[in-house]
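The task is simple: from the sequences and hints, build the whole structure.
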Amino acid sequence: MNCRAAPGTRIGWIDTRIETGFSNFLYIDRHYRSHPVLRRIFSLARVLGYQSLLIERLDEGTCPLLAEENAALGIRRSDFLGSIVHRLTFWRCAPDAVAAPTDFIGYAVFKSDQLKGASQPQDHVYESVLPSVRLEEQNNFIHCRRSYVVQTSAGPQAVTGVLYAQQNDLTFVCAHVALRTALACLVPEADVGYARMNALAGIDHRTRVVGGGPGLSPDDLQTILRGLGVPHEKIVHEPKAGLDLPTEFQRDLYGFIESGSPALVGFELEDPNPPPGGSPRHIVPVIGHTFNNDAWVPDAQRAYFGNQLRYFSSESWLSSYVLHDDNFGPYYCLPRHFLRKDNFRIILGLQRHATAYSAGEAEAVGFDFLQSIVRFAPLIGQDWYDRFGVFCRQGLLVLRALLVERAAYLRHLQEIRSWTGAPLEAAIIGRMENHLPERFWMIEASAPELFTASRRKFGELLLVATTPLPKPLDISPLLAARLPGMVLLPQAGNLARLPTELQSHTPLFTSGPV
Amino acid sequence: MFAYLVFIHLYALETVTYATKQLTHALQELTRRSQQDEPKVQSSAPSVIPADRLQFSKEVESYLERRKDYSSQTRHVSVGSY
Chain X
1 MNCRAAPGTR IGWIDTRIET GFSNFLYIDR HYRSHPVLRR IFSLARVLGY QSLLIERLDE
61 GTCPLLAEEN AALGIRRSDF LGSIVHRLTF WRCAPDAVAA PTDFIGYAVF KSDQLKGASQ
121 PQDHVYESVL PSVRLEEQNN FIHCRRSYVV QTSAGPQAVT GVLYAQQNDL TFVCAHVALR
181 TALACLVPEA DVGYARMNAL AGIDHRTRVV GGGPGLSPDD LQTILRGLGV PHEKIVHEPK
241 AGLDLPTEFQ RDLYGFIESG SPALVGFELE DPNPPPGGSP RHIVPVIGHT FNNDAWVPDA
301 QRAYFGNQLR YFSSESWLSS YVLHDDNFGP YYCLPRHFLR KDNFRIILGL QRHATAYSAG
361 EAEAVGFDFL QSIVRFAPLI GQDWYDRFGV FCRQGLLVLR ALLVERAAYL RHLQEIRSWT
421 GAPLEAAIIG RMENHLPERF WMIEASAPEL FTASRRKFGE LLLVATTPLP KPLDISPLLA
481 ARLPGMVLLP QAGNLARLPT ELQSHTPLFT SGPV
Chain L
515 MFAYLVFIHL YALETVTYAT KQLTHALQEL TRRSQQDEPK VQSSAPSVIP ADRLQFSKEV
575 ESYLERRKDY SSQTRHVSVG SY
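One line per chain: the protein sequences are X and L, in this order.
Its first residue numbered 1, the first sequence is counted upward by one per residue in this note's numbering.
Its first residue numbered 515, the second sequence is counted upward by one per residue in this note's numbering.
Just so you know, the hints here were simulated from the structure itself, not pulled from any lab data.
Some hints could be false.
[What the hints assert, rightly or not] In the DMTMM-like style, the derived pairs of lysine to aspartate or glutamate whose C-alpha atoms are separated by at most 25 Å in a straight line are:
id: 1; chain 1: X; residue 1: 234; chain 2: L; residue 2: 573
id: 2; chain 1: L; residue 1: 535; chain 2: X; residue 2: 248
id: 3; chain 1: L; residue 1: 535; chain 2: X; residue 2: 270
id: 4; chain 1: L; residue 1: 535; chain 2: X; residue 2: 368
id: 5; chain 1: L; residue 1: 572; chain 2: X; residue 2: 248
id: 6; chain 1: X; residue 1: 341; chain 2: X; residue 2: 270
id: 7; chain 1: X; residue 1: 234; chain 2: L; residue 2: 583
id: 8; chain 1: L; residue 1: 582; chain 2: X; residue 2: 368
id: 9; chain 1: X; residue 1: 471; chain 2: L; residue 2: 575
id: 10; chain 1: X; residue 1: 240; chain 2: L; residue 2: 583
id: 11; chain 1: X; residue 1: 116; chain 2: X; residue 2: 79
id: 12; chain 1: X; residue 1: 341; chain 2: L; residue 2: 583
id: 13; chain 1: X; residue 1: 234; chain 2: X; residue 2: 248
id: 14; chain 1: L; residue 1: 572; chain 2: X; residue 2: 136
id: 15; chain 1: X; residue 1: 471; chain 2: X; residue 2: 248
id: 16; chain 1: L; residue 1: 582; chain 2: X; residue 2: 233
id: 17; chain 1: X; residue 1: 471; chain 2: L; residue 2: 579
id: 18; chain 1: X; residue 1: 116; chain 2: X; residue 2: 59
id: 19; chain 1: X; residue 1: 341; chain 2: X; residue 2: 238
id: 20; chain 1: L; residue 1: 582; chain 2: X; residue 2: 248
id: 21; chain 1: L; residue 1: 535; chain 2: X; residue 2: 449
id: 22; chain 1: X; residue 1: 471; chain 2: L; residue 2: 583
id: 23; chain 1: X; residue 1: 341; chain 2: X; residue 2: 449
id: 24; chain 1: X; residue 1: 234; chain 2: L; residue 2: 543
id: 25; chain 1: X; residue 1: 341; chain 2: X; residue 2: 248
id: 26; chain 1: X; residue 1: 341; chain 2: X; residue 2: 474
id: 27; chain 1: L; residue 1: 582; chain 2: X; residue 2: 270
id: 28; chain 1: L; residue 1: 582; chain 2: X; residue 2: 79
Keep in mind that this is a model prediction, so the values were computed, not measured.
The structure is reproduced here in structure tokens:
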């Protein structure tokens, strides 16, 4: 049983409205030893409109997950005496009110580990789930958030967000908590405990320990992921080992999160006097991104800074990555170019399903296919197809690659309408349904102004995702292409054109409800 | 070196400016045709695109090759601790 399902013993439910004189700072100073991450969590709760705080005690006797963590601590530190755990839940209603579903904001579990002779317990936020303060309407895209149910003493409540966790630096470190966040987004049970991770990585707290310096290696992380059956891709940049990533790591990072999966990003810290083993490293889970309609970067990068791409990747409009950093708290924004390649070391991109090649590769191949189609049919006398052709020939298309499920794509096809309200014909959707595999790469093609302002596109091209690309490239990876006025489907080794009344641009694909 | 960089930047700028000019010209041409109500060429759109008419660029093949090589080179690399 996890910390959400465990029964809590109520300590109090207090009014936290500003007009009552309640201060987050004062409360945390007095009750939680001025814990900085808790201050961040309370400040997010304030922004989300919290009016009251329910405090409950969790005991290891009724929460096996805590008992498991404490057993590990007992092995790691013979002076471990026990822990005090509080589950704090944030509400938009008054204390003891009958809460409506919208009154529940989220929760944090605060764990204080007592060590013999220590003047202060070792505190950490064991976990927390809050909703993101900003969502799609504010150009924040956190595709991998999910819903969690919390069994509070005031009844079960639900919160949708991304789980945050902080290391205790004794039995689990930054890599563990980053992995826990990422796994919580993907695995059905939403909780993979540190005991399980350590067992998979061979950390028994006797012959091999973590914390106080030692952490997890990339091999350990991959061993854990393999042990849990989670597909993943690794992107490495280790210039000191002579391994210089030949491409831009941000494109790969975007590829993972745009397909709805989290990614772990590891970097080397700046250290003027690094120890013999190299500078210390840190790893964080990246869970989403922000988007800037008015970004100057896409045009400027190509016009002024020598980017030779022959299309705009949608990633160019990304403003910041959204991440949790266990040292500081949940939902921070990392400006796109703040983390330089000099410091970047690794991406572990988790996937819901394994793919044979990356989003960046799919985008490049998709562009090649689109160019080929336009070379063969440059103009067909339909305004929007012809405009698409012009943008393609001039190297001014915007492309966005993401892994999609067949069911979600078919739903998208049923929903889309042209500028004049025309749908895609049911017969064509039926053919797609019979023809498409379970999941595939979708490369959406748009124009800069269409993509950023109307969030619409000329169409999309679908590629097989689970089979490696042939060498030399041929038509075999192409599943379909939908462009203004036509759908192209492979037929007897060629591409058959099906005409459609859907002759203008259509909305971009958006992921379904969490 | 500086002169070389300036050349590269001016080259890129010129390329994009040229592409934008070409785009403007092509879009204007489409508009002219549409406004003059020239006969649509829809019927001339091919019903089948033969696979052997699709051509793929060397740049993409070389990009894919570089990615594949680097991925094989780093598959078993594990450096550092987090």
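Residue 341/X and residue 474/X: Cα distance at most 25 Å? The given pair, whose Cα atoms are some 34 Å apart, is violated under the 25 Å limit.
Pairwise hint evaluation, residue 368/X against residue 535/L, where the allowed Cα distance is 25 Å at most: 23 Å, holds
For the pair supplied as a hint, residue 240/X and residue 583/L, is the alpha-carbon distance within the 25 Å limit? 19 Å, holds
Starting from residue 341/X, check that the Cα of residue 583/L is at most 25 Å away, please. Holds - the C-alpha atoms of residue 583/L and residue 341/X are around 20 Å apart, at most 25 Å.
Tell me if the straight-line CA distance from residue 535/L to residue 449/X falls inside 25 Å. 16 Å, holds
Do the alpha carbons of residue 572/L and residue 248/X lie within 25 Å of each other, as the hint requires? The given pair, whose Cα atoms are some 20 Å apart, holds under the 25 Å limit.
Check whether the Cα positions of residue 234/X and residue 248/X lie no farther apart than 25 Å. Answer holds: residue 234/X to residue 248/X is near 14 Å, not above 25 Å.
Holds or violated: are the alpha carbons of residue 116/X and residue 79/X at most 25 Å from each other? 5 Å, holds
Holds or violated: are the alpha carbons of residue 582/L and residue 248/X at most 25 Å from each other? 15 Å, holds
25 Å Cα cutoff - pair residue 582/L, residue 368/X: The given pair, whose Cα atoms are some 18 Å apart, holds under the 25 Å limit.
Assess, step by step, whether the Cα of residue 341/X is no farther than 25 Å from the Cα of residue 449/X, and give holds or violated. 30 Å, violated
Are the Cα positions of residue 582/L and residue 233/X separated by 25 Å at most? 13 Å, holds
Going through the hint list in order, the structure does not satisfy hints 2, 3, 14, 23, 24, 26, 27, 28.
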